[in-house]
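J.: Chains as they are written, first to last, in numbering that gives the first Met the number 0: chain R, 0 to 391; chain Y, 0 to 391.
No wet-lab data here; the hints were simulated from the structure.
Watch out, some of these pointers could steer you wrong.
When chains are identical, the list treats them as one kind, so a pair holds in a single copy or across two.
[Claimed, not checked] The list that follows gives simulated cross-link-like pairs (lysine-lysine, BS3-like), each with its CA atoms no further than 27 Å apart: (1) Lys-63 to Lys-138; (2) Lys-314 to Lys-138; (3) Lys-327 to Lys-158; (4) Lys-213 to Lys-330; (5) Lys-24 to Lys-76; (6) Lys-257 to Lys-24; (7) Lys-257 to Lys-357; (8) Lys-388 to Lys-257; (9) Lys-386 to Lys-158; (10) Lys-76 to Lys-63; (11) Lys-91 to Lys-24; (12) Lys-386 to Lys-213; (13) Lys-63 to Lys-390; (14) Lys-133 to Lys-24; (15) Lys-133 to Lys-257; (16) Lys-386 to Lys-327.
Protein chains: 2
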Amino acid sequence: MLSRLANRTSDIAPFFVMELLGRAKQLEMQGRDIIHMEIGEPDFATPQIVVDAGIRRLQTGDIKYTPAAGLPELRQKIADYYQTRYAVTVDKGRIFVTPGASGAFLLALAASVNPGDEIVMADPCYPCNSNFIKLFEGKAITLPVDATTNYQLTAELIKRQWTPSTKGVLIASPSNPTGTLIEPDEFKQCIELVNECGGCFYSDEIYHGLVYGKHAPTALEYSDNAFVINSFSKYFGMTGWRIGWLIVPYDFVEAAEKLAQNIFIATPTLSQYAALAAFDEQNLEELESRRAEFAVRRDFLYNALLQLGFEIPAKPDGAFYIYANCAKFTKDSYEFALEFLEAEGVAITPGIDFGSFKANEHLRFAYTTSIGRIAEAMQRLEQFINKNKNKG
Amino acid sequence: MLSRLANRTSDIAPFFVMELLGRAKQLEMQGRDIIHMEIGEPDFATPQIVVDAGIRRLQTGDIKYTPAAGLPELRQKIADYYQTRYAVTVDKGRIFVTPGASGAFLLALAASVNPGDEIVMADPCYPCNSNFIKLFEGKAITLPVDATTNYQLTAELIKRQWTPSTKGVLIASPSNPTGTLIEPDEFKQCIELVNECGGCFYSDEIYHGLVYGKHAPTALEYSDNAFVINSFSKYFGMTGWRIGWLIVPYDFVEAAEKLAQNIFIATPTLSQYAALAAFDEQNLEELESRRAEFAVRRDFLYNALLQLGFEIPAKPDGAFYIYANCAKFTKDSYEFALEFLEAEGVAITPGIDFGSFKANEHLRFAYTTSIGRIAEAMQRLEQFINKNKNKG
Numbered sequence: 000m001l002s003r004l005a006n007r008t009s010d011i012a013p014f015f016v017m018e019l020l021g022r023a024k025q026l027e028m029q030g031r032d033i034i035h036m037e038i039g040e041p042d043f044a045t046p047q048i049v050v051d052a053g054i055r056r057l058q059t060g061d062i063k064y065t066p067a068a069g070l071p072e073l074r075q076k077i078a079d080y081y082q083t084r085y086a087v088t089v090d091k092g093r094i095f096v097t098p099g100a101s102g103a104f105l106l107a108l109a110a111s112v113n114p115g116d117e118i119v120m121a122d123p124c125y126p127c128n129s130n131f132i133k134l135f136e137g138k139a140i141t142l143p144v145d146a147t148t149n150y151q152l153t154a155e156l157i158k159r160q161w162t163p164s165t166k167g168v169l170i171a172s173p174s175n176p177t178g179t180l181i182e183p184d185e186f187k188q189c190i191e192l193v194n195e196c197g198g199c200f201y202s203d204e205i206y207h208g209l210v211y212g213k214h215a216p217t218a219l220e221y222s223d224n225a226f227v228i229n230s231f232s233k234y235f236g237m238t239g240w241r242i243g244w245l246i247v248p249y250d251f252v253e254a255a256e257k258l259a260q261n262i263f264i265a266t267p268t269l270s271q272y273a274a275l276a277a278f279d280e281q282n283l284e285e286l287e288s289r290r291a292e293f294a295v296r297r298d299f300l301y302n303a304l305l306q307l308g309f310e311i312p313a314k315p316d317g318a319f320y321i322y323a324n325c326a327k328f329t330k331d332s333y334e335f336a337l338e339f340l341e342a343e344g345v346a347i348t349p350g351i352d353f354g355s356f357k358a359n360e361h362l363r364f365a366y367t368t369s370i371g372r373i374a375e376a377m378q379r380l381e382q383f384i385n386k387n388k389n390k391g
Numbered sequence: 000m001l002s003r004l005a006n007r008t009s010d011i012a013p014f015f016v017m018e019l020l021g022r023a024k025q026l027e028m029q030g031r032d033i034i035h036m037e038i039g040e041p042d043f044a045t046p047q048i049v050v051d052a053g054i055r056r057l058q059t060g061d062i063k064y065t066p067a068a069g070l071p072e073l074r075q076k077i078a079d080y081y082q083t084r085y086a087v088t089v090d091k092g093r094i095f096v097t098p099g100a101s102g103a104f105l106l107a108l109a110a111s112v113n114p115g116d117e118i119v120m121a122d123p124c125y126p127c128n129s130n131f132i133k134l135f136e137g138k139a140i141t142l143p144v145d146a147t148t149n150y151q152l153t154a155e156l157i158k159r160q161w162t163p164s165t166k167g168v169l170i171a172s173p174s175n176p177t178g179t180l181i182e183p184d185e186f187k188q189c190i191e192l193v194n195e196c197g198g199c200f201y202s203d204e205i206y207h208g209l210v211y212g213k214h215a216p217t218a219l220e221y222s223d224n225a226f227v228i229n230s231f232s233k234y235f236g237m238t239g240w241r242i243g244w245l246i247v248p249y250d251f252v253e254a255a256e257k258l259a260q261n262i263f264i265a266t267p268t269l270s271q272y273a274a275l276a277a278f279d280e281q282n283l284e285e286l287e288s289r290r291a292e293f294a295v296r297r298d299f300l301y302n303a304l305l306q307l308g309f310e311i312p313a314k315p316d317g318a319f320y321i322y323a324n325c326a327k328f329t330k331d332s333y334e335f336a337l338e339f340l341e342a343e344g345v346a347i348t349p350g351i352d353f354g355s356f357k358a359n360e361h362l363r364f365a366y367t368t369s370i371g372r373i374a375e376a377m378q379r380l381e382q383f384i385n386k387n388k389n390k391g
């Protein structure tokens, strides 16, 4: 029988980490103690003030559809947030509340990508980003980047790559998996270049807020002519609520509205009402103390990995990941991750989930668990490395 | 400046009803009393037992990501529901919990539609269904249908239409906007025909449960080889929660899993926990009493419209819509709807939102408001018609 699958499904690889996750769960069922450092989800619960807002809304019993673009009062709060956090004025008519950053990507790319269009992005990068492009028959052009550019694209790289098929450029800062930021000047030049070329600039800002000791500018500080993707998942601690937002350039407002009506109907109502409380002063204080905790973990993990002999040539300034070079220990980081899980019960993510450039030499460690557990994981890692050394 | 919009955005029309809705809101702000019969959303609140389950979950504070395919216990409950309601055994590995039926369509079509693929469906039909196909560069082939076939496709129609470009067939029963069911024998023949042709069969069953005096079979009663789209929105009264499900044929399980990971990450966690309570015996009793209320409204509205001179050649057996022929009163049902709203403050949906076949001669009335309000709307409609008669 001929395959009935759409061709795009064979272009999209499953996440390798899912295999690890499955094995980790099996081991847990067998009673093993597994330390989870593979997960891109904060260990902190949703802040109480947000939960309480959700409960209050639920108690009204009114959980009907909202407008496709989101509750007007939430769009306003997001606009206000850009004013206070970045000193940027955003017309709330450009802001679409979406089912997570996933929904924001879906909307932005459905509105802008024609079959064959090329979108340029960094390798390594978050795999869903390139898969969303494939979903709409576009091509993700991934350019190898390394520590010399903070694992980020540069205007020079983009310029060299630009062809008549290039539709736009995607930059994620802080980046997943590397946690690194693009330099503000470089960021500005990239946006200006894309605008000069008449392309679309997509700025993945879902780790904004989780930045340690630096300022991560929004693309909107440099130009109104950008798609900005953000989320309540990471900084605001609302992963399972599936709520994020998309800011579109003016020429895309009408199309995004139509598409949102058709693709989503609307973002989950309860999540929108709960998110109204996310910007409360008291909540932002709570989030800042969590950020401080992440910063401590980042420093601890960074130093521990260096001490064990991993190379981390660009110190990550944001997100909750460290992308460490493990070439000293293995030529196959996926195998390393599987064996480490099996032997020591620590789950980490192999580089191949994020691209192909030196992917086999890299591992992503997520510091989404307590400092005590991270310390324990590092002891187990040391043990694992020493055992392997003695074997070899 | 050249348009940067993806071409698909011009193939997707905004819903005309949105203009009506906008005007209705303006009029309400001016203090006018508007009766809403344009909305495809039950007026009933989410059942208390489901709300309570949501509150209990919220109180745990644990609203993290779930597996991409959904909570295993919810997938099991959905499988059990097919056993008790339809006496059909469904492997829960084929069941994907999705962000509404919207998410289910997105997943099913992303997994199966290649650019240029044709999907056959009825005209009139729910506009999002054809728009989802355009999203993936497929073509929606809409076949005019009328009351002689209950506004449904037939095996004969499909056979005549089938070409090498035909990828599959979509049948929605009960249908939106007509509320009509496909005859079980015809349904079976359609599915068998599509299977013989090696195509994909998509069964939109989102109004299942809201059927009055008949049984609406699921496609799975006839074949395992079908996509079934369903939702907690309509029958279960959970619109704003954005939760539905998709059942895929075996050959699509792996692709659907990959795509769900990439497109959604997961369905809103809280909605999934709340939905666990939706199948409780006590809740199903509540839903049955709501269904009885809908049946009373259907009969009342049906008789009232006939009495006013509208033609409804196929009495609707399900959903909460009546698709009435208004050719006797107007040649432009959109204008009729706008003027009726303006003059009498009743909002209804014009036929052009559902296709092009005799769309200008039809209006959709949703009985998603109380019987008292429906009666009031019918009085206003009579008044409107009489005034227009006197003008003419």
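J.: Give the relationship of Lys-133 and Lys-24 under a CA distance limit of 27 Å: within one copy only, between copies only, both, or neither.
T.: Intra 31 Å, inter 39 Å, cutoff 27 Å: neither.
J.: Given a CA cutoff of 27 Å, do Lys-91 and Lys-24 count as a within-copy pair, a between-copy pair, both, or neither?
T.: between (43 Å within a copy, 19 Å between copies)
J.: At 27 Å max between alpha carbons, let me know whether Lys-76 reaches Lys-63 within a copy, between copies, both or neither.
T.: both (21 Å within a copy, 24 Å between copies)
J.: At most 27 Å between CA atoms: does that hold for Lys-63 and Lys-390 within a copy, between copies, both, or neither?
T.: Answer is neither: 62 Å inside a copy and 40 Å across each miss the 27 Å cutoff.
J.: What label fits Lys-327 with Lys-158 when the C-alpha limit is 27 Å: within, between, both, or neither?
T.: neither (34 Å within a copy, 63 Å between copies)
J.: Is it within, between, both or neither when you check Lys-24 against Lys-76 at 27 Å Cα-Cα?
T.: between (40 Å within a copy, 22 Å between copies)
J.: Can you give me the call for Lys-63 and Lys-138, within, between, both or neither, at a CA distance of at most 27 Å?
T.: neither (38 Å within a copy, 32 Å between copies)
J.: For the identical chains here, do Lys-133 and Lys-257 meet the 27 Å Cα criterion within one copy, between copies, both, or neither?
T.: both (21 Å within a copy, 13 Å between copies)
J.: With identical chains treated as interchangeable, where does the CA-CA distance between Lys-386 and Lys-327 reach 27 Å or less: within a copy, between copies, both, or neither?
T.: within (15 Å within a copy, 87 Å between copies)
J.: Under a CA distance limit of 27 Å, which applies to Lys-257 and Lys-357: within one copy, between copies, both, or neither?
T.: Between copies only: 24 Å across chains, 41 Å inside a chain, cut-off 27 Å.
J.: Measure nothing new, just compare the shortest in-copy and cross-copy C-alpha distances for Lys-257 and Lys-24 to 27 Å and report within, between, both or neither.
T.: between (41 Å within a copy, 19 Å between copies)
J.: Indicate which option fits the pair Lys-388, Lys-257 if close means a Cα-Cα distance not exceeding 27 Å: within, between, both or neither.
T.: neither (59 Å within a copy, 37 Å between copies)
Hint check: violations occur at hints 1, 2, 3, 4, 8, 9, 12, 13, 14; the rest are consistent with the structure.
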